[in-house]
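Peer 1: Sequence:
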Amino acid sequence: MRSRLHLMRQRWSNLLFAHWPVPPELLRPYLPARLEVDTFEGQAWLGVVPFTMSHIRPLGLPAVPGLSALHELNVRTYATLDGVPGVWFLSLDATQPLGVWAARTLFHLPYLHARISLTETAGTLRAVAERTHRGMVPATFAATWTPGAALPLAQPGTLEYFLTERYHLYTAGANLQQGVQGSSLWRGCLWHEPWTLREATLQEWDSTLLESHGLPTPVGPPLLYAAEPLDVQVQELRRV
1 MRSRLHLMRQ RWSNLLFAHW PVPPELLRPY LPARLEVDTF EGQAWLGVVP FTMSHIRPLG
61 LPAVPGLSAL HELNVRTYAT LDGVPGVWFL SLDATQPLGV WAARTLFHLP YLHARISLTE
121 TAGTLRAVAE RTHRGMVPAT FAATWTPGAA LPLAQPGTLE YFLTERYHLY TAGANLQQGV
181 QGSSLWRGCL WHEPWTLREA TLQEWDSTLL ESHGLPTPVG PPLLYAAEPL DVQVQELRRV
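Numbering-wise (my numbering), the sequence shown opens with residue 1 and increments by one.
Keep in mind the hints are simulated off the structure, nothing from the lab. Just so you know, these numbers come straight off a predicted model, no measurement behind them. Check the hints yourself; a few may be wrong.
To be verified - Here are the computed distance ranges between Cβ atoms for each label pair: (1) V240 / T201: 36 to 44 Å; (2) L7 / V219: 35 to 43 Å; (3) E130 / E228: 22 to 30 Å; (4) V180 / T201: 20 to 28 Å; (5) F40 / N175: 28 to 36 Å; (6) Q43 / R115: 12 to 20 Å; (7) T217 / E130: 13 to 21 Å; (8) T217 / S117: 22 to 30 Å; (9) P152 / Q177: 25 to 33 Å; (10) D82 / A142: 37 to 45 Å; (11) L202 / P152: 16 to 24 Å; (12) D82 / W191: 17 to 25 Å; (13) P23 / T124: 27 to 35 Å.
No residue lacks a Cβ here, since even glycine has one placed at the ideal position from N, Cα and C.
Using the sequences and the hints, build the whole thing.
Peer 2: So, in structure tokens, the structure goes:
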């Protein structure tokens with residue numbers, strides 16, 4: 001098998017994993033028929049992840065000023081195909097118009113235009129977002145959280161590992177609804193060191209992201225993990 005082509009490097013920082021357990025059947029309509037909803041002890045998980053992406057550059061080339069950083073806010077669940085676990089995105093709101101275009105066109109991902117700020121004050125992070133993508137259901141987001149104590153390295157078989165150590169993604173096209181009904185499916189690979197996770201305390205959470213997809217408002221607070229910055233290599237997509 002030939003090795004995958006590394007396309008670009010990125011750094012992810014200011015990241016928060018926020019997840020809720022949901023019945024697998026709730027998510028079945030949001031995935032193509034070929035993908036299986038991935039579960040942990042029979043429970044599916046739905047996540048919202050804000051973070052900053054920086055140092056974006058094609059492999060072997062310098063970063064382009066003004067195009068090398070963005071803020072992102074994605075809605076995700078987890079799926080498998082032929083035993084390979086990966087992330088399935090319902091949406092990825094982001095701030096860089098050219099980056100959104102490239103991700104939709106070249107990587108077939110459902111990126112959407114948005115205004116997002118993500119700031120840090122005395123160790124506390126705050127993200128505020130508003131979706132601006134024409135023709136899409138509006139959504140807003142505001143959250144404030146404080147990272148806490150470092151956690152042990154996530155081990156295979158644990159919930160922390162299931163939710164965070166994902167080295168593949170699946171996508172069926174830039175339009176989620178059309179992709180779910182269509183026959184095209186791609187698998188992408190990411191390479192990075194294991195996450196360094198931290199506890200997190202939530203001071204604020206006000207979001208309509210899940211509701212914009214027709215999903216019910218989650219009951220109870222999310223399960224939280226803050227994460228230390230991480231360098232990532234993005235590899236090519238392949239049809240599967």
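Peer 1: Please go over all the hints and tell whether each is borne out by the structure.
Peer 2: Status of each hint after checking the structure:
1. V240 / T201: 36 to 44 Å: Holds: the Cβ-Cβ distance is about 40 Å, inside 36 to 44 Å.
2. L7 / V219: 35 to 43 Å: 40 Å, holds
3. E130 / E228: 22 to 30 Å: At roughly 28 Å between Cβ atoms, E228 and E130 fall inside 22 to 30 Å, so the hint holds.
4. V180 / T201: 20 to 28 Å: Since V180 and T201 have Cβ atoms about 36 Å apart, the given range 20 to 28 Å is violated.
5. F40 / N175: 28 to 36 Å: 29 Å, holds
6. Q43 / R115: 12 to 20 Å: 34 Å, violated
7. T217 / E130: 13 to 21 Å: 18 Å Cβ-Cβ, so the 13 to 21 Å window holds.
8. T217 / S117: 22 to 30 Å: 24 Å, holds
9. P152 / Q177: 25 to 33 Å: Violated, since P152 and Q177 (Cβ atoms, about 40 Å apart) do not stay within the stated range.
10. D82 / A142: 37 to 45 Å: 39 Å, holds
11. L202 / P152: 16 to 24 Å: 21 Å, holds
12. D82 / W191: 17 to 25 Å: 20 Å, holds
13. P23 / T124: 27 to 35 Å: 34 Å, holds
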